[in-house]
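Student: Sequence:
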Amino acid sequence: MKTFITLFVYLAFLCGNVLAQDAPLILKFGLFADAQYADCPSENTRFYRETLQKMDTCVSYFNRQNVEFTINLGDIVDRKNSDLETIMSRLSHLDREIYHLTGNHDYKEVADVSVLYRQLNMPAGYYSFQKQNWIFIMLNTNEVSAYAHVVGTEKEQELAEMLEHIRQTGGKQGYRWNGGVSKKQMKWLDNLLAECEKNKNNVLIFTHHPLYPESEFTALNNVEILNTISKYPCVKAVFSGHHHAGAFGYYKGIPMITHEGMIETEKQNAYSIVELTRDSILVRGYGRVPSRSFKYLRNDISIDSF
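When the letters of the sequence shown are read in order and numbered with mature numbering (1 follows the signal peptide of the UniProt record, and there is no 0), they come out as residues -20 to -1, 1 to 286.
Rather than coming from a laboratory, the hints here were simulated on the basis of the structure.
Treat the hints with caution; some may be incorrect.
Derived EDC-like pairs: lysine to aspartate or glutamate, alpha-carbon spacing no greater than 20 angstroms straight-line [to be verified]:
{"#": "1", "residue 1": "K164", "residue 2": "E204"}
{"#": "2", "residue 1": "K88", "residue 2": "E48"}
{"#": "3", "residue 1": "K163", "residue 2": "E138"}
{"#": "4", "residue 1": "K247", "residue 2": "E30"}
{"#": "5", "residue 1": "K111", "residue 2": "E244"}
{"#": "6", "residue 1": "K60", "residue 2": "E244"}
{"#": "7", "residue 1": "K180", "residue 2": "E77"}
{"#": "8", "residue 1": "K60", "residue 2": "D19"}
{"#": "9", "residue 1": "K111", "residue 2": "E177"}
{"#": "10", "residue 1": "K164", "residue 2": "E196"}
{"#": "11", "residue 1": "K8", "residue 2": "D92"}
Have a look at the derived ranges for each label pair, beta carbon to beta carbon [as the list claims (entries may be wrong)]:
{"#": "12", "residue 1": "K247", "residue 2": "E177", "range": "38 to 48 angstroms"}
{"#": "13", "residue 1": "V95", "residue 2": "D170", "range": "26 to 36 angstroms"}
{"#": "14", "residue 1": "E144", "residue 2": "D170", "range": "21 to 31 angstroms"}
{"#": "15", "residue 1": "Y41", "residue 2": "N61", "range": "24 to 34 angstroms"}
Note that beta-carbon positions come from the ideal geometry of N, C-alpha and C, so glycine has one too.
Generate the whole structure from the sequences, applying the supplied hints.
Tutor: So this is what it looks like as structure tokens:
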């Protein structure tokens, strides 16, 4: 019996090594959402000043783990543009580059959105970048919103149309803190995904407002965005912020991960490291963020939490 157990353990070890060799690590990056730093007292479950210590812990961990880059899903500050310098100084200690999205709170005290993009070292409100065969698409779900200075532009009419559609269809997300993607950005997204499909790239999409599951925090035109991305098997997952409690679901086989907000709770942190292999995505969560792993073959997706 002892010999059998020893043989079983040995075979399991060998199988584990084979699996590891079959799925080598391709990319590893850090991820966080809704830090919402502000130099002000805490309110309810939000601890604004404590964000600095949480961010220091996050940055230190990402550096020790040698992530290749970091992605911020938006709302890095809560209420003052002047607070941006303080939190950005903490992020300057990252050993590798960081890519930013804006969130609805980031537009506070901002009269010109292009200034905000420059402050965050963003090439534009929405953009993409490539790492090996992976394309990372950074959508701007704040583009059409009540807080992003659309008055007097063509986006003002687009906002009115989105809100009216939500009213007519009984949607949950018609709130001032939500935004949507413009027709121009939608065309850019469709064209980019078609190119990625043609080039056999793998794609990850990042948004501030979640697309799915639907809630009072969902992007205003989430269905339109979902209908576009679900046409393309190259899209392997979508990561979002904004809904601090976090959420998870599949939309037509695509994993939709809403990342927990760092601002919530006094002591518990919230950040993650995402590891990409040839056929899997592993999210290693820390603090309030659960860990998840799933295959990204669209017709054969499985998920495990641990």
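Student: Does each hint fit the structure? Answer for all of them.
Tutor: Hints versus structure:
no.: 1; hint: K164 - E204; result: 13 angstroms, holds
no.: 2; hint: K88 - E48; result: 31 angstroms, violated
no.: 3; hint: K163 - E138; result: 8 angstroms, holds
no.: 4; hint: K247 - E30; result: 8 angstroms, holds
no.: 5; hint: K111 - E244; result: 31 angstroms, violated
no.: 6; hint: K60 - E244; result: 18 angstroms, holds
no.: 7; hint: K180 - E77; result: 26 angstroms, violated
no.: 8; hint: K60 - D19; result: 9 angstroms, holds
no.: 9; hint: K111 - E177; result: 16 angstroms, holds
no.: 10; hint: K164 - E196; result: 25 angstroms, violated
no.: 11; hint: K8 - D92; result: 34 angstroms, violated
no.: 12; hint: K247 - E177: 38 to 48 angstroms; result: 44 angstroms, holds
no.: 13; hint: V95 - D170: 26 to 36 angstroms; result: 29 angstroms, holds
no.: 14; hint: E144 - D170: 21 to 31 angstroms; result: 23 angstroms, holds
no.: 15; hint: Y41 - N61: 24 to 34 angstroms; result: 28 angstroms, holds
The earlier numbered hints that this structure contradicts are 2, 5, 7, 10 and 11.
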